[in-house]
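Given chain A's structure and the hints, the job is docking chain B onto it.
First to last, the protein sequences are chains A and B. The opening residue of the first sequence carries number 167 in our numbering; numbering runs sequentially from there. The opening residue of the second sequence carries number 167 in our numbering; numbering runs sequentially from there.
The set of hints was computed from the structure by calculation and includes no laboratory data. Please read all numbers here as calculations on a predicted model, not as lab measurements.
Since the list can't tell identical chains apart, any single copy or any two copies may satisfy a pair.
Heads up, simulated EDC-like pairs for lysine to aspartate or glutamate below, C-alpha to C-alpha not over 16 Å straight-line:
no., residue 1, residue 2
1, K972, E854
2, K528, E697
3, K1023, D1054
4, K248, E366
5, K972, E898
6, K972, D897
2 protein chains.
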Amino acid sequence: MKYVYFFGAGKAEGTGDMKEILGGKGAGLAEMTRIGLPVPYGFTISTACCDYYLKHNHKHPPRLRSEVEKNLSRLERVVGKKFGDARDPLLVSVRSGSARSMPGMMETILNLGLNDQSVEGLARRTNNARFAWDAYRRFVQMYATVVTGLPKEELEGRLRALKERLKAMDDTQVGAEHWQKLVTEYKHYFKEKKGQPFPENPAEQLWGAIGAVFESWMAEKAVTYRRVEHITGLLGTAVNVVQMVFGNTGDNSGTGVCFTRDPSTGEKSFYGDFLANAQGEDVVAGIRTPVPLRELERRMPKVYKQLDRARQMLEKQYRDMQDMEFTVEDGKLYMLQTRTGKRAPAAVFRIAADMVQEGLIKREEAIERIQAQDIERLFYPVIASTVPRQELVQRKICTGVNAVPGAAVGRAVFMAHEAEEWAKKGERVVLVRRETSPEDVGGMAVAQGVLTATGGKTSHAAVVARGWGKCCIVGCEKLFIDYAAKQMSSNGRVVRQGDWITLDGNDGTVYAGQVQLASPQMPKHYHTVLEWADEIRKLGVRANADTAQDARKAREMGAAGIGLCRTEHMFFKDFEHPERSADRQLAIQEMIIADSREARQRALDRLRPFQRGDFMGIFRAMDGYPVTIRLIDPPLHEFVPHDAEKQKELAQKIGLAPEVVARRVEQLSESNPMLGHRGCRLLITYPEILDMQVGAIIEAALECRKEGIKVIPEIMHALTMDRKELQILVDETRRIADNLIQKAGIKLEYLVGTMIELPRAALLADELAEPAEFFSFGTNDLTQTVMGLSRDDASRFLPEYLDETKAAIFSTDPFQTLDRAGVGMMVEWAIQRGRSRRPKLKVGICGEHGGDTESVKFCYRVGMDYVSASPFRVPIARLAAAQAIIEDKRSKRPRR
Amino acid sequence: MKYVYFFGAGKAEGTGDMKEILGGKGAGLAEMTRIGLPVPYGFTISTACCDYYLKHNHKHPPRLRSEVEKNLSRLERVVGKKFGDARDPLLVSVRSGSARSMPGMMETILNLGLNDQSVEGLARRTNNARFAWDAYRRFVQMYATVVTGLPKEELEGRLRALKERLKAMDDTQVGAEHWQKLVTEYKHYFKEKKGQPFPENPAEQLWGAIGAVFESWMAEKAVTYRRVEHITGLLGTAVNVVQMVFGNTGDNSGTGVCFTRDPSTGEKSFYGDFLANAQGEDVVAGIRTPVPLRELERRMPKVYKQLDRARQMLEKQYRDMQDMEFTVEDGKLYMLQTRTGKRAPAAVFRIAADMVQEGLIKREEAIERIQAQDIERLFYPVIASTVPRQELVQRKICTGVNAVPGAAVGRAVFMAHEAEEWAKKGERVVLVRRETSPEDVGGMAVAQGVLTATGGKTSHAAVVARGWGKCCIVGCEKLFIDYAAKQMSSNGRVVRQGDWITLDGNDGTVYAGQVQLASPQMPKHYHTVLEWADEIRKLGVRANADTAQDARKAREMGAAGIGLCRTEHMFFKDFEHPERSADRQLAIQEMIIADSREARQRALDRLRPFQRGDFMGIFRAMDGYPVTIRLIDPPLHEFVPHDAEKQKELAQKIGLAPEVVARRVEQLSESNPMLGHRGCRLLITYPEILDMQVGAIIEAALECRKEGIKVIPEIMHALTMDRKELQILVDETRRIADNLIQKAGIKLEYLVGTMIELPRAALLADELAEPAEFFSFGTNDLTQTVMGLSRDDASRFLPEYLDETKAAIFSTDPFQTLDRAGVGMMVEWAIQRGRSRRPKLKVGICGEHGGDTESVKFCYRVGMDYVSASPFRVPIARLAAAQAIIEDKRSKRPRR
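If we strip away everything but chain A, and leave its shape as in the complex, we get (with noise of 0.2 Å):
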């Protein structure tokens, strides 16, 4: 195995497309190498040398040495320069590059190869002392916290007070003698500490500073920072040891960092800024501010061309915008990275779709670049890159897990109830809860955004605030909240009821008091890409929406049917008219508590006008497109107050005792409710609720057929598990149907279905194929019981099953992305089951799955015929259901 990759004077043996190998700024400078553009000769050591390091005891492979030693022999000769020469000394940079970006995350070494005498060398050859001891102070601060680990603050303490005593305003104001002076004090606080001098050979400098490469891979912040962006399987970060060049040798000198395009907007347009006489450093330091390019074209118009043509060659050898760092030394270009570009959420879509226009890309390539967050963080509010990030710092109180981005700025209310009150008042809130139940829906709906202290990604917040596109953070494990006191705290801060706060869904920081937001802009070249993926894709795209006003945005968003309607959140809330919502919690809540038939079905006889209207405003949205109606789901005891207060008002509307509905609550109280009483269970003890549903959804399919609507009802029952069960349901469900559309003489077609969300359904799937015309995989519940984890308990342990620094057992959260190994086992053979006694079997999905890209690849891979996804994520749907056959066509992979 080749363990050292060289790259100058025109040649270099790695390429482009060996990010894996080189790291991504390695392969960017063999390529540029390759390609012609001007780059500092150096050589790249392989990410096989950082994995073998950290696996056999911090110990380099054997042949490493002597392959380093060849190299850096060819890099003297190549140069010209010797390491360590007293006159005209080689100096390189040794930094780390792995495969994926990681920006600030490890470590870099400037300026090594001086020392004593190679100092003097500098100073000679650049004529500029003081430059060269300040370089050299600059390489062994850096070398002696970066690699031997002394403690920062004490050099840069020295540091300071050198400048105060010169009362220098920055570095150039000290004189040579001064920085002298500076290392000779480094120097002997490195061996007062080290017990050794600082290393003065160049070799053994440039061991130390490889060592430390590697090292920062296994730092802390970096693997935290690989756990937040999902990066797996890499073998670690490659090392690169670069010639130096210096754009801080005066005023012909400078470095800049620009962009094939505008990163902001996308606009094809040459974007950069330049700050002459200084290093990369000076530029991140942000003591001075850079300048835009056009000042570099004005003041160097030669070096300017030279550069624009880099870009124009990059892009095109790249075929997509890339994010380049220059220096220019003495009025000659040096290259020193290029990588793809990072954009906003707009300049994704207008330069996939510029590049396609242009001819540069085609269009599933296009359609292969955007990813999910990309149409994620267009739909959704931020913090405004103006606020000062001292104000986040100072503001925060706590984070959480981030369920649904955007952000939200509100008075913090601890009761749904308070905040619908608060919300009739004008006010904006912001809901605290320490979980949510749907009897929160109403407060959830008028707030700004949603606050729980436990609960993961998949909890009742996250999925109803997903379904609504309303920033939610849960799983703020740290916040304590006190109902009683109306208050919450963390570490000691305490925000009351009515106190403002900010919460940021992006990534799950809250913030006290207002913070400033921006609004989301959707961009036209967005609808360009989003239609190429629907002439690509065959799998059919429908939402999870229960109200007219989902469907509607819906139907916005790209769907083409409902997936999945829930009826019971209209069982706490009229969405068209909020102010009526009391009459239907009241006839549901009067239902669940009746002791008798008879009274349960006046309840029910209340509710199902309610039902009926609702319905309609969804056909009359959804005119023309299929609407997926599960029956009543949850465990009837969340729809009844469990505080006593609550239950006695409850009590007297309906004339009952309070004991009588504190009794009727405390039997309705389950130990693992998500395996309890509900789903179909529900209709096979009250049947009477099935006629109330059943009939509610033909008469207003009836009522909008009148209307001259296309109504495509599918009735779909849940928690299903056997075959006999579902037939008594189906038989049930048509004999209640059929009776009604033969009364009203209008012809109708409807389907009965069922969901296949418990592992006994998958299992006798061809069985449950005789009576449902429809499968729809309800793969959070199916995730819960096949994997035995309670989404709403999760949060607990899972971060651990998922953190690569501790177990690694997952490598995505299988509340996001499906378990392709379990569940996915689970909903194949479901599907080939249910086929194989039903061959036009109708296959969809309405878990949370339905909107995550990898999960909608798999179903369309599996056969599926659609997915549902909440409104807000059917456009990442769309997309991926054709990157999936894009993926598929290249790999040549048959569907099933």
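Relative to the frame of chain A, chain B by itself:
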């Protein structure tokens, strides 16, 4: 299809093995006729007619009428009497009879054929007008109520009034003319209510009676009986139309019931009762006391000799103990019924063993005849048979699910710790809880019995109690327990703490006060039969046992090892030294509340010697047999107190603020603890617990090895779902164990394996078999997850799923008998997959199903190496394992 089967005059169309078609009674009558016993003539209408009748809107099959008419003519011919004949009429009884005995559940009509003419004929032939008119009045009364549904009380009232008027003590004191008058009264009443005269036509009477018998199959009490007795799959009842014989024609007549062997002891002696001058219903009514058979022998030696010959013939014919009914009419013996006799638990074993010795049956048949409940009932005390029925009725409070048989008397106590205090003072207590948790095991251990308001047969209370063979009733849904007031109530009846109650775990009834109990006795023939089973079976049988005491009991019951030793019960109770339990509780609670790894480690260090000691006791008891120890399984919140008072106490003991304790307990609570942070997930997050538990196991094993004990520890991880997860734990387990073994310098072999209790583990069993040396199916949890059923909550709707009159979705409770279709498929898949990767993988089951007959047979058939059951169910498993082999041999089914 033939609908009617004739028997009489030494010939029968049916045979004794046609029970499914003819019902038990009809088959018996046919068989007795065939072998030449004196049987009244008659015919049987098949069960298929009942099925047709119930499915076709209460219409008989078209051909039935002609078949019945033909057989009726034949009956008239062979008997030599005619229906409705005014001189010597044919009278018949019309009796139900299903394939499985349902005593008293269905209808019977006697003396059918009597009308105003034929009554005279009967009077003439018997020369006894009083008898004839009494018979007629009985018929009219029976017909009016049973067939036409007139209220029994109305007719009984008239009869009572008559007898009062006449001051008659019994029916024989009422003269013919009074009976005649009563018949007239009855008929008037009939006409008044029904608007038509009482049917005088015997054919019409017959069809009415046949219909009534069919209807009675679906009467509520019959349906309930079948549900309770798990009687399913029958077509319906047959109808036996049989020539009437009269035991009440004088002192030369009589009726009786006898058994071929003593049904209480099983002794081979002729056992029975006889009542002179009486009909069967008089025996049932219990007004006169029957005499033993030797009295019959004395009075009618010829009849007795004939009966004894019938006894011998029938036992030889049926090769089992028979229960026979007979009538003597004017010195002539008639056999009316023979069926396999019910017998006391002790008799079951004696009869089976004796019959093998006598060469009547083979050992295999003896084994097949024993049922699980025969064994169960052997071990448990029962309500004494001497307790008057009336007393039981008065004392009854409510009924729940009979989770563990037996009976218990004690004072009701509502808190586990109070139960312990009371027990210390020498009080006998019954622990009454809404539900139990591991915190309550101390109180459960000292209680005579356990009663809970919630839960099913596999709830915590049931499972723990079953392990101890302790009487337990769960799921008393109508019981309202008020912990604050320390009382329970049901139907307005209140039981306060300290009041005596009695539990009958055999039928789930709770009684107020102290009811007399009787102790169980273990017959020697039990051991004989079980040893035969052991010789035949191939499947290993182990026990679930958590303490040395349990382990000793398990050995006594014939367990060859422990298949499941739950380590968490030890955290709450020192079973050898109960007075030391508090130390353990405190240590485990301190471990959980600990806010640092150090504090947790200190608490674990204190627990370690406790666990080590417990394991040593178990290893000693299991010398030479394997012991599978499951590492900590339940979620931690089950170990900490949930009420403020106890939390305060705990806080004080461990020197923390009560708020800290409360906060930590709140943090531990989960929405769905069954799917929560438990099992191996705890060991992933708290590796120090793994260290303590594995350390304690290995140290105990090493100590025992020094004592010369053969120790075979099998360390088992719970709730695994992923290969990597298990690999991490197995590696760590081996590291800890090997370290200790190496240090000790003692050779010790041990296995490390996993439970398979989540669908994902079963699906990916091939992968899990790489790190796992054995699998043990935890089918309780596997049932919960595969079916999405919480065993603690399932009692809310599962009864309806099992109810034959309602949904009838399942025929058996999946928590009692393994769900073959779903859970069974997962188990088979996992075994197959597991052994595909590790051919010698050891496989067992340790769920509750390991003690269920059908489930044990399944386990054998899918190739498991052993089953593990609670000690008291070990004999059931031993027997079932042999039964499976015998069944398979007969059906030539190969084992997988």
